[in-house]
Structures are given as C-alpha cells and as structure tokens.
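The opening residue of the sequence shown carries number 1 in this note's numbering; numbering runs sequentially from there.
If you are wondering where the hints come from, they were derived from the structure by calculation, not from laboratory data.
On a predicted model such as this, the values are computed, not experimentally measured, just so you know.
For each residue, glycine too, the CB sits at the ideal point set by N, CA and C.
Treat the hints loosely; a few may be bogus.
[To be verified] Dumping the calculated DSS-like pairs for lysine-lysine here, alpha-carbon to alpha-carbon at most 25 Å:
#1 Lys308 x Lys719
#2 Lys410 x Lys420
#3 Lys546 x Lys527
#4 Lys546 x Lys510
[Unchecked claim] Estimated spans, in silico, between C-beta atoms of each pair:
#5 Asp467 x Ala705: 44 to 52 Å
#6 His677 x Gln492: 55 to 63 Å
#7 Pro803 x Asn589: 36 to 44 Å
#8 Ala378 x Ala705: 28 to 36 Å
#9 Asp649 x His537: 52 to 60 Å
#10 Gln466 x Asp649: 49 to 57 Å
#11 Gln492 x His537: 28 to 36 Å
#12 Asp622 x Ala659: 42 to 50 Å
#13 Gly303 x Asn734: 29 to 37 Å
#14 Ala684 x Gly313: 28 to 36 Å
#15 Arg517 x Asn589: 30 to 38 Å
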Amino acid sequence: MPRDITVTFDDGTSHIYQNAPDDITPEQATARAQKDFGKPVAHLDGGKGAAPQTGAPGIVNGTGRAFATGVPVLGGLADKLDAATNATLAPALNGLFSDKDQLHGDWSDRYRQALAAQNGADQGFATAHPVLNTGGQIAGSLATGAALPVAGAGAGLLARAGTSAAQNAALGGLDSYTRGGNPWEGITLGAGMGAGAGAISHFGRSDVVGSIGRHLAGVGLGAAGGAAGAEMEGTDPLAAAMTGAATGAAGEAVGAAAKPVAAGARVLEENAGANLTDRAFNARDVATQKVAQILANEGLNSGALSEKLTQMGPRATLMDVSPTAAQAAGAIGAEPGRGQSVLRDFVQNRENASGGRVADMLTQAIGPRGDGDALVSALDNERRQAAGPLYEAALATPVQDSDELQSIMKTPAFRTALAKANTLASNEGRSLYAPTGEIGMHGPVMAPDVGNMTLQDLHYVQRAMQDNIGEIKAGAGFKDNELSRSIAGVRQNLLGQMDEMSPEYQQARKIYAGASRVRDAYDDGFKAFDSSTGENHLTNDMMERKLAGFESQSERQAYLLGARQRVSNIMGASRNNRQRAYTLFGVGNDNPDFENQQKLATLLSYVRPAANQEAAQGAIQDDMRQRLGYSIAAPEAEPITPESVHGPDNPLVDAHGNALEPESEEGQAEISRRIAHAEAEQQAAADLLAEQKQAALQFSGPDRARGQAAADALLNGLKTERQFGATTNAVAGNSETARRLQGRQLIAASEVNLPSSVPTTVTRVASSLANAVVGSAMRRRADAINYEMARLLAGSDTRLAAPSGPKKPDGKATPQPDRVAAALLRNPGVRERVDTKNSIAQALLTAAITQANMNGSR
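Make a model of the complete structure from these sequences and hints.
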C-alpha cells in the first residue's frame, strides 16, 4: 500500500515523498533522498521499518502552526526549538505517551526524531489543507510586519525604499539561514522586495487612487518576488509567480479586511473624531494629514508659521496666513455641512467685531475718538474767561496823546480804519470825531477827538485794520501783498501804543493771541490727512515744519486732536467703515510712498496721544494758564453727602445684606464708611487725571523711533483686519470661483469624480454608478473630515507644520523627514494609536507562537 515517507536531513530540514511504494526499504529511501538533495539523511519517518508517520494535525492546531511558521526568522526556529525541548524532556515524559510516540536514544537521536515529527506535522497539514496553510503563513508574516517599525516612516521616497530594502535584506538573510537555505539568496530577495514595498507605501498614502494603486502593486510585487525566488532555487518561475501573486492578493485582502476592524476599534477612541461616525472614518487623523500637507506644499515650517501668526495677532488663523489654506477653507465654506457652519460662524463673529478693533487701534495710535465741537467750545470759553475781565478793565482807559500816536493817526491805514471804527462807535451812541472850528466845503471840518477817546475806540480801529488786511486777497498781486504788510505794520505800532497805555490790555491781548494759536493748531490738524493734491496739499515736510514751529506742546496736542477728529469724521459715526481707514492710510494701496503713512509717523514722533479727551483738554488748558500767566478758579468738586451714598438704588445694608436704619449706630457707621470710600475714589480719579495731563505735555524733541513704531502698529493692524476680511470673503463665497475650485482638491470629496482623462460620457456614467453605490458613505466621510479640517483651519496650531530644522555649521538647514508624517506623529492622538497598534500586533504574534509551540509539544 503506497504511503508518504518524511526524510529529515542532518541540517534539520525535511522532505516528504508522497505515495512511496509499500515495499521500499529505509536504505533505498535514504539513498534516493541523498541523491535528490545531496545532503546526509538523519532520520526517516513512514518507511518500512521506521517509526510510523505522525498524522496531520487538526485544522485549529495546523493553522496555528502555519501562522507561527510564516513568522520571519522565528518561524524557521520554531520547529527546532520545539524539537530541542521535546528531546530534553523525553526521559521524564516518555511514560505519558504510547510506544510509537516516545523518543529513544541519546539526546541527538531524540532531537532528530522530534524534529522529524514536527516537520512531518507541518508537511501533513500543508498537504491536507494547502489553502489554510498558506493563509496562516501569510497572516504570520503580516502580523510580524505590523509589529515591526515602518521602514523609512516619515521619510521621502528614496529614504523609504532604501530603509525598507536594508531592513528586509537583513530579515531575509537571517530567515533563510534559520530555514536551512542560502542566506545570500534571502538577502537579495529581501532587499528587492523591501525596496518595492517601501516605494508602494510612499505612493499609497492618498485616498481612492492611491489605495487602488497600492493593492495592484501588492499583487505585482508578490508575483515578482515569487518569480525571483524560484529563479534562485531553480524551480518553475511561472508557477512561483502565480503563487506569489496569489499571496500578494491575499495579503492585500487581509489588509483591506483589517480596515473595517480598525474602524470599529476607532469608534471607541474619543480622540479619533467628534462622534462615532467621525471616528469610524478616522476623520481627525485624515484632516490633520491634509492640513499638514497644505502647509508642507507651501514650505511653511513651524517657525515661519509661528512668526506670521505672531505678526497678525491672537485672532489670526492658519487660513489667514496660508493662501492654500484659505482656498481649502473657501471650498469647505461652499460645501453644506458641519465644516461650513464652523468656518462661517467663526469668520462672521470675527467680522462683527472688526469695526471695534479698528477703532481701538486708532485710539491706541492717535488717541481716543472725541467731540471736536465740545473741545473747541471749551477752548473759546477758556479764552473768554481769562481775557474778558482784563479787556473790560482796560478798554475804559483814556487815550494818552503822544507824537507817536499822532504820527500813526495821520497814516491812510489809520484814517481808513477810523471810518469803520466810527461806525461801530455810532452803533453805541458815540462818535470818534469832534469839530475843529473850521468850515469846509461840506460844512464843519471834523477830526479825531483824541481828548475824549478811550482804548475802546482805538480797539475798534485796530480791529478795522485787521478786517482791511483780511479783505486783501493773498496772491492777487505784488502790490496787494505789499499793502497788506503795510497795514499790518501800522496796526502793530498802534497796538504797541495801546499796550503802553494799559498793562491789562497787553495781558488780555497776550491771552487772546495765545489761545487763538492753540485753536488754529486744532484747525490745521483737522486738515493733516486730507488727500487733496492742489496748492493746499500738506506734504510730510510741511507737517514737519509746522510741528517743529509750534511754541508749546499744547499746540501740538491740539493739532493731534484735530487730526484725530478728522479721522473719526472720515470713518463715520458707526466706526465700522474699515475700508475708509484702509483708504486713508494707504492699506492695500500699490503706491509704496503713500504720504499719509509718513505723515502719521511724523505726527506721532512729535506728540503722544492723551489717555482721553478730558486729559487732552485739561493738559492744553493747564499749559495755556502757565504760559500766559492767568488763572481760572477750578470748579469745586461735587460734595459727597450721606444722601449721595445711599438711596433706593443703593440701599443701606450691612456686610451680611441686612437692611440698616440710617439713624442707627450701625447705619451711621456704614454711611461714614461709604463717604470715606467715595472721597478716596474721587481723589484717586483726580490724581490719575493729573498724571494723564502731565503725560500729554511731555516733549523733549521728536522721538522718531516711537513715532514709527506707533504708526507701524496701526498699519499692521489695519493690514491684518483687511486680510481677515479677505478670509471672510473666501469662506462666505465671495472669492473667485477658480480659487474655490482649486480648494476642492485639498479637502475630502463628497462624491466620486473620475479623472478628466477618461472620456466624458464614460465619466458621467461611471461616476453616477459609483455615487449610487458609495455616495452616502462618501458624503458622511467628507462631512466628518471637512469638519475636522475646519476646526484646524480656524485655529493656530503651529505643530501641524514641519519643525524648523537646526542649522549646520555651513549655514544650511539639516534635511527634515517627511513633513506630513512628522506632523501626524506629533499629534498625541495619532502617536497613541500607533503605539497601541504596535502593542496589539506584538501581543498577537507572541500568542500565536506560544500556541504553536504548545500544539507541537502534544
């Protein structure tokens, strides 16, 4: 009866002769095996006169052994380790087995007998169940691959292929050695397969197309490996290629089948997504990878990204500093779903607060928005209060005749002005003329009645001269300009005579003129940023001369207040018209020499904004009083009375909230405490205002650095707000269609779209069929991933970008690993899942080998 004979060689390998003749002797079998394989035979199993062949193990036992055998290196040692264990323990355990299962002889004999039994069991299971045996070995190999670190993980294509080739060459050579084969063949085949696998892993990271390519490449790589191995061993390459392709397909099938299992496992991990569906799609990791790839494509490392975000301030996000990220955000904003809601709500909320932020920046740079009319009224009132009483006392002073005054009165300028002045006096029932006693052609001759004149009359005359000067148009001609200067000279001589007649008049005029200069400075500042280009256009040099020529810091502060008022008027009462601020200061203007930016820096070099209008106005008034030598009684502070510290809206209670009677001892004590507190607050407010007023008057020369820094801060802030507006337009759908279409390539697609290289008709039909099958799942996946992308794009996590590489001594940056992989592994959730996957794979591998050893020992 034909039977199978297992031949075990001295090197531990074995071979089965199937359906051998029943009458073949051990010597004949040994001779044939030595002839076929050229190796000494150590033991026969199943031949005539030899120990009976061990039966094939059961399906569970055999599959476990096949799994262990497929493990590289360890699989080649598993049977030998089991045989060594059994040979050592045989003397003590032989009594537990039947005679045919006992091991006899010395340790070497027992080892050869045990190894033959192990090999026979493997060969028997492979013969009885070839499919299960191959599948088990594939599973063992895959489990080991999962437990090993990814070859070249985080590196580029060449680095992945090279690292994988080196790793697999070492593994292949060692595995061939443990199985009794040629190590060099194992090294060669392992290197080739490793390089191919590394390349496939690099190109297989994309979604649909990459996955299809990876599966096809896996099958092809299996076929190539099988053919190469057969060529080395001298067997049929075609048959081996077919076997290798089947093995590759099986491996890819195992990998594909593992995806649903992995998705199920992720459902339990809260950091894999916002809800169960998101976790199943691994949304958070995929979104992280996509955003990291966007930043990598622009060459943004963490240092550059951090610098940009810092420049734009705490409200800046990735989509503000990255044009490609803005495209992706625009695409998400066009796709209905949670991602669209996240981005649109974020940019709209930020947009709603933009007007207030622009107003705050203007306040920080050029002072608080104020009430210009109230300020001007306060300055005029200050002038009247200070100069009014002095004028009133001085104007009743009788005119003192003198040769100088008579000389002035004989000039045409005086006589012309006297006629206007007499009209003003006539309105008050007086006349500045008196009869001389002579009769002229038109009656009695009239002349100025100096003996009856007061300073009030001369005051009318100098005011009339001022009017005459004002009626002469500047620039009308050389003669007119000369006449204006001539009249002004006569007027100054007259004022000099009047000052000598009354010191009060001199002081009043000084106060009036000083206050008028401050008022004029406010008016000049109001025109500081006008955009006119005519003869009245204010250049930066002209502003510089104006600011340098002011006699006091109060004039500079008034100039700044006028400029700030003009900016407020330009922006409008709502304070939300940012575009007017951009236009005023040239933000977005292609002209790099926009003059208002220079004038802003110049203005802020000469004057520091006050904390508020009250401080600015108080500083100006304090300065004028000190310089012009007058004082005005300060209004008394409103007294703090018992009635002012408690009432219906402010009930009198103790520390526990219990009501107190005002007349009670406890009530009086509480009232005294509140009065003292209110007085302390009042004094603190007065002290703070005094400090603010003093700060507004500080000036020791233009501070160019401070002015430029303040101007730059405002301009950079306006540029940031303008960029925020552009981002809002991108997300809200107001951007260019082409840019939004480009962005769709960066986010998760909600439907299947075949490449444009496919004919249009085929594309439509195939896409419709594909979307009918997987459209619902793809929409859920796209919503999950784009939602996570939206959250990342609306944030400012610089860890998503590649780290800034350290510099080499020659100044070149050290090459960095793959940016996307590095960004993923910096994510704590991704790193934790990688560690968990490796731990599980190692545990499964250990359990499988242990089970195989246990089965082999029975």
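Results of checking the hints against the structure:
1. Lys308 x Lys719: Measuring from Cα to Cα gives roughly 13 Å; hence the hint holds.
2. Lys410 x Lys420: At roughly 16 Å apart (the allowed maximum being 25 Å), Lys420 and Lys410 satisfy the hint.
3. Lys546 x Lys527: holds, 12 Å
4. Lys546 x Lys510: holds, 21 Å
5. Asp467 x Ala705: 44 to 52 Å: holds, 47 Å
6. His677 x Gln492: 55 to 63 Å: holds, 58 Å
7. Pro803 x Asn589: 36 to 44 Å: holds, 37 Å
8. Ala378 x Ala705: 28 to 36 Å: Holds - the Cβ-Cβ distance for Ala378 and Ala705, about 33 Å, lies within 28 to 36 Å.
9. Asp649 x His537: 52 to 60 Å: holds, 55 Å
10. Gln466 x Asp649: 49 to 57 Å: At roughly 55 Å between Cβ atoms, Asp649 and Gln466 fall inside 49 to 57 Å, so the hint holds.
11. Gln492 x His537: 28 to 36 Å: The hint (28 to 36 Å, Cβ to Cβ) holds, given that Gln492 and His537 are roughly 32 Å apart.
12. Asp622 x Ala659: 42 to 50 Å: holds, 46 Å
13. Gly303 x Asn734: 29 to 37 Å: Taking Cβ atoms as reference, Gly303 and Asn734 lie about 32 Å apart, which means the hint holds.
14. Ala684 x Gly313: 28 to 36 Å: For Gly313 against Ala684, whose Cβ atoms are near 32 Å apart, the range 28 to 36 Å holds.
15. Arg517 x Asn589: 30 to 38 Å: Given range 30 to 38 Å: holds, Cβ gap about 34 Å.
In summary, the structure agrees with every hint in the numbered list given earlier.
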